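Novice: Chain by chain, the residues run as shown.
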Amino acid sequence: MKFKKIMFGWLVLVGFVAMAGFGISQQNANVKLMRAKVPSAIDPIILVPGSSADENRFDSLIQSLDSKNETHSLLKVRVNKDDSLHYSGRIRQSDKRPYIVVGFQNNQDGYENIKKQAKWFSIAYTALSKRYHFNQFSGIGHSNGGLVLTIFLEKYMTSTSSIDKLMTIGTPFNLENTSSEKTTMLKDLIADRKKIPKTLKMYSVAGTQSYAGDGIVPFSSVDSGKYIYQNQANLYTEMIVTGTDSAHSDLPENKQTISLIRRFMLKPGNLNNR
Amino acid sequence: MIGDDVMDGGRYVRLSRKIMAADFVQRLQQTFRLLNQQILVASVISVINFVVLDSHGFLKEIFGINKWLPFYSAIHVATNSLAMIICTILVISVAYSMGSKENVENSLAGYISGIMTIIFLFPGDVMTGKINQNILLNGYNAINLRNLLIAAIVGYLVGRMYEQFLQSLTWQLAWRVGVTLLILLVLFIMTRNDWTELLIGELYGLIDGMQNWSIIAIPILAMLNCVMLIFGVDSLLPMSGAEFGPAATKNLNYVLEGHSVYSVPAPINIHALFDTYATQGGIGMLLPLVIAVWIINRHRHDIRNLKWTTIPTLFNLNAPLLTNYPILFNLILLVPMMISSAVTSLIPGILILLGWLPSSVYPVSLSAPGLLQGYFSTNGNWLALCVGLFNLVISVLIYMPFIKISDQELQVSRHEI
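Residue numbers (our numbering), protein chains in the order written: chain A, 740 to 1013; chain R, 172 to 588.
Each hint should be verified, as a subset may be incorrect.
Cross-link-like lysine-lysine pairs, in silico, DSS-like; alpha carbons within 27 Å at most [to be verified]:
(1) A:Lys-894 to A:Lys-940
(2) A:Lys-744 to R:Lys-478
(3) A:Lys-937 to A:Lys-854
(4) A:Lys-937 to A:Lys-776
(5) A:Lys-776 to A:Lys-933
(6) R:Lys-421 to A:Lys-869
(7) R:Lys-575 to A:Lys-744
(8) A:Lys-934 to A:Lys-1006
(9) A:Lys-771 to R:Lys-301
(10) R:Lys-575 to A:Lys-937
(11) R:Lys-421 to A:Lys-776
(12) A:Lys-937 to A:Lys-858
(13) R:Lys-575 to A:Lys-933
(14) R:Lys-478 to A:Lys-741
Which bits of chain R does chain A cover? Going by a derived footprint, with three or more residues having C-beta under 8 Å, they are [to be verified]:
(15) 223-233
(16) 425-435
(17) 536-549
No lab work stands behind these hints: they were computed from the structure. All values derive from a computational prediction rather than experimental measurement. Where a beta carbon is used, it is the ideal one built from N, C-alpha and C, also for glycine.
Just chain A, same shape as in the assembly (with noise of 0.2 Å):
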């Protein structure tokens, strides 16, 4: 009798301390998941440029997107060689849409180069999203810059976080290859494209200079992100900026880049009402 009560009281304790373990850790779980699903108050604009630039890289662009009524804080960011971050500028704390630069230290070319930059971009991003808060953001990249932010959302985005619009201008999805044959890269963007998230909605400007390309990206080349991102985003938009400014490096400051930007990237997207 007294061996069943011992056994009875052992019994009770084990299965008060299994259902506290496991269900502590489950709400954790669900804690997370909630935090994921409430939208932070701020919501910005991440832009990465290509390579060869810094983050220096966009500021005629911003300054052409501000308006007299409108101005939004810009924050600079470059991510060092070993991973250390420096900052410049800040984000108003009332801003709700600012603007933030990823550059890298290494920018070079070359896809071993663009994984590394991605692994950068993600390290700054989870500094950045702890740092101010926030948990969904919209992305513009030019030339490799979409490619990092690419890669960002295949390999390194967490279910915590959420994207609502990219914008990549004059993204070599294929490299420089004029013909139809698949890269390495671009098999690979293809293979895991399915971690992009399905509520995106996701714009690819070209810039053509001749009927082939913007002088540096062939049309070819950026028109292979269909390849990655439809069927997959909610929306893939692709469109073609042409005659003065098209040229590779100028389509940020081209006018009609601008309109573009103005009018698909600036309104936050409210996560609720997608």
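Given chain A, put chain R in place with the hints provided.
Specialist: Just chain R now, with coordinates in the frame of chain A:
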């Protein structure tokens, strides 16, 4: 001893005895005794359905049962249907038993009671026949005291009316029948879900909006809830969606935006104090009650029936306990119930005001053991766990002397019968 004083002179005890001896209460207890086995079956299937398989079930959530159990969906649908059928049969059995005189077989009054109960408990709009999925899924997937009590009252009133109709018609009789019909009508209106839910929601909003006075208002509300529970009124109200009131929702959003749990806008609210800390085993702190009965009645024969009600009570399913142990209409047990409910909601309230304990902000599964609710709803605060344990122990101690008196009282009344 306090107990002796109450026993000797207590008008209160005499009142309790009188209420317990009332025809309705006697018949209710007799009905529950008669349907004991059926209640046991319904309880077992309810625990499996409500705690283990339900999409918000506590054990399902913590062990991720849906992920590894083969054919989980099929099993869940089957158990859910079975639980609904068994619980509905139980409800109609209660109505039949209460309606039929002396539980005779083939009682017409019993059948009419059963049919009336189905109309009363129709989960949706009676006029259009449109079923409200929410009520159906939440109110019928487990044994539910509300349904049992509505069945009992409808059965009792219909039974009485039937008896009256058998007598020759007089003015006095017509008056009595009229009154009975009126009571039935009031009950019918009272138990419609939409407006009672709205009323509860308003009350919650009012109390949560009191700011500094909430800490006093909430224990009073807790005590009021106990009075209602003892007389079965509380159970007649729907399980309200207002449990997570506006103040609690505001707090939750505030914390999810990344702010600290210690600086929430409304730290003292009904969810944070009453729902989380003062409902171990459901309203009235019934888990400590059943533990106190265990401790005091260890050697008694009638404890055997009570043993299996502990597990449902642990997961806040209190209908098996309430139908097995004379708690309903028992004024003696009302006293410790009120004291423990008030004390257990006051203690965390003071600790929150002192800034030692964070407010309970996160939602927790309804079937999570009351003891752990504080721990879970603060997302793992150790002090909250200690408060839960302390509340359990102190409530057991509060209940113990009263259980003794209540048991003696029951022995006396049994001998009298």
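Novice: Each hint needs a verdict: does it hold in this structure or not?
Specialist: So, going through the hints one by one against the coordinates:
1. A:Lys-894 to A:Lys-940: holds (18 Å)
2. A:Lys-744 to R:Lys-478: Between A:Lys-744 and R:Lys-478 the Cα gap is close to 15 Å, so the pair holds against 27 Å.
3. A:Lys-937 to A:Lys-854: Holds, at about 23 Å.
4. A:Lys-937 to A:Lys-776: Distance of about 15 Å is within 27 Å: holds.
5. A:Lys-776 to A:Lys-933: holds (20 Å)
6. R:Lys-421 to A:Lys-869: holds (22 Å)
7. R:Lys-575 to A:Lys-744: Distance ~23 Å between R:Lys-575 and A:Lys-744 Cα, so the pair holds.
8. A:Lys-934 to A:Lys-1006: Between A:Lys-934 and A:Lys-1006 the Cα gap is close to 25 Å, so the pair holds against 27 Å.
9. A:Lys-771 to R:Lys-301: At roughly 38 Å apart (the allowed maximum being 27 Å), R:Lys-301 and A:Lys-771 break the hint.
10. R:Lys-575 to A:Lys-937: Distance of about 63 Å is beyond 27 Å: violated.
11. R:Lys-421 to A:Lys-776: holds (15 Å)
12. A:Lys-937 to A:Lys-858: holds (22 Å)
13. R:Lys-575 to A:Lys-933: violated (66 Å)
14. R:Lys-478 to A:Lys-741: Within the cut-off at roughly 18 Å; holds.
15. 223-233: Result for this restraint: holds, n = 3.
16. 425-435: holds (count 3)
17. 536-549: This one holds; 6 residues, not fewer than the three required, reach chain A with a Cβ under 8 Å.
Checked against the numbered hints given earlier, the structure breaks hints 9, 10 and 13 and satisfies all the rest.
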